[in-house]
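Enquirer: These are the residues of each chain, in order.
There are 4 protein chains.
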Amino acid sequence: MSRRSGPTAGASLPYSAAARRLADLGRRFYARGWMLGTSGNLSAVVARDPLKLAITRSSVPKGALTPADVLEVNADGAATRRGPGRPSAETQLHCVIARDRGAGAVLHTHSVWSTILSERHANDGGLTIAGYEMLKGLAGVTSHEQREFVPILDNDQDMTRLGRRVSAVLDEHHGAHALLLRRHGLYTWGETLDDAERHVEIVEFLLEVIGREHHGATV
Amino acid sequence: MSRRSGPTAGASLPYSAAARRLADLGRRFYARGWMLGTSGNLSAVVARDPLKLAITRSSVPKGALTPADVLEVNADGAATRRGPGRPSAETQLHCVIARDRGAGAVLHTHSVWSTILSERHANDGGLTIAGYEMLKGLAGVTSHEQREFVPILDNDQDMTRLGRRVSAVLDEHHGAHALLLRRHGLYTWGETLDDAERHVEIVEFLLEVIGREHHGATV
Amino acid sequence: MSRRSGPTAGASLPYSAAARRLADLGRRFYARGWMLGTSGNLSAVVARDPLKLAITRSSVPKGALTPADVLEVNADGAATRRGPGRPSAETQLHCVIARDRGAGAVLHTHSVWSTILSERHANDGGLTIAGYEMLKGLAGVTSHEQREFVPILDNDQDMTRLGRRVSAVLDEHHGAHALLLRRHGLYTWGETLDDAERHVEIVEFLLEVIGREHHGATV
Amino acid sequence: MSRRSGPTAGASLPYSAAARRLADLGRRFYARGWMLGTSGNLSAVVARDPLKLAITRSSVPKGALTPADVLEVNADGAATRRGPGRPSAETQLHCVIARDRGAGAVLHTHSVWSTILSERHANDGGLTIAGYEMLKGLAGVTSHEQREFVPILDNDQDMTRLGRRVSAVLDEHHGAHALLLRRHGLYTWGETLDDAERHVEIVEFLLEVIGREHHGATV
Numbered sequence: 001m002s003r004r005s006g007p008t009a010g011a012s013l014p015y016s017a018a019a020r021r022l023a024d025l026g027r028r029f030y031a032r033g034w035m036l037g038t039s040g041n042l043s044a045v046v047a048r049d050p051l052k053l054a055i056t057r058s059s060v061p062k063g064a065l066t067p068a069d070v071l072e073v074n075a076d077g078a079a080t081r082r083g084p085g086r087p088s089a090e091t092q093l094h095c096v097i098a099r100d101r102g103a104g105a106v107l108h109t110h111s112v113w114s115t116i117l118s119e120r121h122a123n124d125g126g127l128t129i130a131g132y133e134m135l136k137g138l139a140g141v142t143s144h145e146q147r148e149f150v151p152i153l154d155n156d157q158d159m160t161r162l163g164r165r166v167s168a169v170l171d172e173h174h175g176a177h178a179l180l181l182r183r184h185g186l187y188t189w190g191e192t193l194d195d196a197e198r199h200v201e202i203v204e205f206l207l208e209v210i211g212r213e214h215h216g217a218t219v
Numbered sequence: 001m002s003r004r005s006g007p008t009a010g011a012s013l014p015y016s017a018a019a020r021r022l023a024d025l026g027r028r029f030y031a032r033g034w035m036l037g038t039s040g041n042l043s044a045v046v047a048r049d050p051l052k053l054a055i056t057r058s059s060v061p062k063g064a065l066t067p068a069d070v071l072e073v074n075a076d077g078a079a080t081r082r083g084p085g086r087p088s089a090e091t092q093l094h095c096v097i098a099r100d101r102g103a104g105a106v107l108h109t110h111s112v113w114s115t116i117l118s119e120r121h122a123n124d125g126g127l128t129i130a131g132y133e134m135l136k137g138l139a140g141v142t143s144h145e146q147r148e149f150v151p152i153l154d155n156d157q158d159m160t161r162l163g164r165r166v167s168a169v170l171d172e173h174h175g176a177h178a179l180l181l182r183r184h185g186l187y188t189w190g191e192t193l194d195d196a197e198r199h200v201e202i203v204e205f206l207l208e209v210i211g212r213e214h215h216g217a218t219v
Numbered sequence: 001m002s003r004r005s006g007p008t009a010g011a012s013l014p015y016s017a018a019a020r021r022l023a024d025l026g027r028r029f030y031a032r033g034w035m036l037g038t039s040g041n042l043s044a045v046v047a048r049d050p051l052k053l054a055i056t057r058s059s060v061p062k063g064a065l066t067p068a069d070v071l072e073v074n075a076d077g078a079a080t081r082r083g084p085g086r087p088s089a090e091t092q093l094h095c096v097i098a099r100d101r102g103a104g105a106v107l108h109t110h111s112v113w114s115t116i117l118s119e120r121h122a123n124d125g126g127l128t129i130a131g132y133e134m135l136k137g138l139a140g141v142t143s144h145e146q147r148e149f150v151p152i153l154d155n156d157q158d159m160t161r162l163g164r165r166v167s168a169v170l171d172e173h174h175g176a177h178a179l180l181l182r183r184h185g186l187y188t189w190g191e192t193l194d195d196a197e198r199h200v201e202i203v204e205f206l207l208e209v210i211g212r213e214h215h216g217a218t219v
Numbered sequence: 001m002s003r004r005s006g007p008t009a010g011a012s013l014p015y016s017a018a019a020r021r022l023a024d025l026g027r028r029f030y031a032r033g034w035m036l037g038t039s040g041n042l043s044a045v046v047a048r049d050p051l052k053l054a055i056t057r058s059s060v061p062k063g064a065l066t067p068a069d070v071l072e073v074n075a076d077g078a079a080t081r082r083g084p085g086r087p088s089a090e091t092q093l094h095c096v097i098a099r100d101r102g103a104g105a106v107l108h109t110h111s112v113w114s115t116i117l118s119e120r121h122a123n124d125g126g127l128t129i130a131g132y133e134m135l136k137g138l139a140g141v142t143s144h145e146q147r148e149f150v151p152i153l154d155n156d157q158d159m160t161r162l163g164r165r166v167s168a169v170l171d172e173h174h175g176a177h178a179l180l181l182r183r184h185g186l187y188t189w190g191e192t193l194d195d196a197e198r199h200v201e202i203v204e205f206l207l208e209v210i211g212r213e214h215h216g217a218t219v
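Chains as they are written, first to last, in the numbering used here: chain A, 1 to 219; chain B, 1 to 219; chain C, 1 to 219; chain D, 1 to 219.
Careful: at least some of the hints might be erroneous.
Some but not every residue of chain A turned toward chain D, in silico, with C-beta under 8 Å [claimed, not checked]: (1) V60; (2) G63; (3) G137; (4) H144; (5) R147; (6) D194.
Label pairs and their computed distance ranges (CB to CB) [unchecked claim]: (7) C:G140 <-> D:S167: 58 to 66 Å; (8) C:R48 <-> B:D158: 34 to 42 Å; (9) A:R20 <-> B:D158: 50 to 58 Å; (10) A:D24 <-> B:N123: 42 to 50 Å.
Hints in this document: simulated from the structure, not taken from any laboratory. Ideal placement from N, C-alpha and C gives every residue a C-beta, glycine not left out.
Isolated chain A (complex conformation) (with noise of 0.2 Å):
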């Protein structure tokens, strides 16, 4: 399996550095209202071997996020420190994620654009994105001319019947750098925490231009 947009072992950053960054990751995306509510969530490797994330914790509005709102789990998405609040539902899905692609990050958020589009092509198990210049942001695209293909899955609320799924759809594709649930948001991830926030914003942008021509072509 070939693993363009993620190498075997991501970047990892220290457990304070990382609920510092993924904190302030949050009341920013938030402030775009990619995670309005307490939608999403954002994970960052801490260490490889054993595989350790440092995650949003469940239910924490993300406008007012701050780094004790950030957990560690393990790889089965356990919490490994002591704290209050629990790890997300969704923990899974970034473990696997984290597993399959090596990713040093992955951030989950939840915007209008996305939401649209992952309902309008879900029949076509997913939406294809090419020609844009935009899409040299991703790691390992060099040209405009990309076909890049964002998976979409239908969404599912038994987590580990999902992180199969995920497993398996990440192996079909080796290529992807993104997916989508089915009215409910995008996952991304990268190699470095910069590289999956950079994801985030390049394939909200491609989502939200390829949305609006949709509208366009009407005429």
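Starting from the known structure of chain A, fit chains B, C and D onto it as the hints suggest.
Expert: Below, chains B, C and D alone, put in the same frame as chain A:
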């Protein structure tokens, strides 16, 4: 009557804390474009028995809201502390919702998308939102398969009459987390002010998704 | 002539307070995208008899507006204090409105939606806004059943001629709170600067609602 | 060749002032969503003879841009000061524009609307913007009756070839204030950095108006 979105006795806050938090919330909702001009009202329960609410006073620009712009009213909507200004005419609706839902906070915003959808779906008496992960942010909702009905009421300048209609609608739709006044705006509430704030963000997000999907439906 | 939206003698502010508040207002409207580049002009009456206005000077970027970017002009639009820069060509329109409406402040913004609607409804000579609760934020309006007519005038680079047409339109539509210049932008005013600011927010909100509803009307 | 939008010798800034101002500009354009991820490049002329530019270095996230993220390059796009990072591949386009237009600053942004319109009008070789008051913010334009042609060039990863095409287009459309690269973004420039910044805001505003009007045209 079941009260899934607010128990019989929601939280209450000390008056000064409520005033401070409502002022902060007003400035943030204004920044998002949900309380432009002097539109909207925010309230939080400060005593339960008898009921007292802290509520923003009438005709105050929300972009510069301070704790001094918050009044205390009783269950009839009459001011119970000395100070400048008068309670908003819509105070009665806040009292009805706080009483009937046992809510700890009632928030009323005017957004572009809630205004548009309150008109588009008025003849159906409301709008069903179903299948979105974001619904899980509403109190007591555990799956995206939730079918959330948002009742729409015709607007009215007679607040006593409108209050009775709101009460009847809350009773009929005992699972509702929010309602729309036609060409007017959104009312939502929660057991705590945090819950109510989250409900505003979630409902606004979902209305924007539905509003924009509709446009795309032309193709 | 009735003057429902501004009495014969609106408020006036000391010059230094007016300059400070106009600069602050310009930066905030710029942040909302209503005064991009150097577009728009803001004025407030600083003396009534004879009329003097504080007004933003020509060609100043509004995102960095300071009190030093404000000039004082007389009823003919001529500068009455020493200082750099010259009054905007559109100063004459501000003077006409301040005089004819007895307004204490006149605000002119360029937004995306006012530009679009000023073209879409140009052949009707204006646009009626009716049935929205938000209308109650306009001075003297007490019900959402208000039918607010916003006149649209063809754009013109000859300010003396345009000033006469503005004056005629204000006289014909004595209840109007705002007018649009075609493919140009919004003029609104108020008895005080607070009123005028609120009018900008309300009219911009309603134009956005109407602009977006129109799109949805295809279905 | 006439150079209506930039004289033979535009302004130049000391390097440290240029670096500081470009960093500030990048963060503000990022906040508006015009430079998401690492997209876009900003430059200002720091010496005329021989030509030297301060330019943002390649692959820097614009939301956290600092003066240390700015490089100095010569007319061939080669770095002329020691420091980390390398010039962007698109530096050559900045040099071509600074030289051919005598511009003091060249700004390249990626917005949603410029991307959409660069595709929609690609087959016409460009887009005419006419009749908008906002056009008067472009250098040398004195009436809304201006017919501003914005050329659109196919995107290309070969910067030497693309630079020659840009040069030819600037020569053919000697009155142009901006150009679009297809599915890529906007280039604009000005005699000073202030002029160029204003041109970005004006062109982005007008593209958004035209993009949204087009949607409405279905009715």
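Enquirer: What are the numbers of the hints that this structure violates, sorted from low to high?
Expert: Structure breaks hints 1, 2 and 5.
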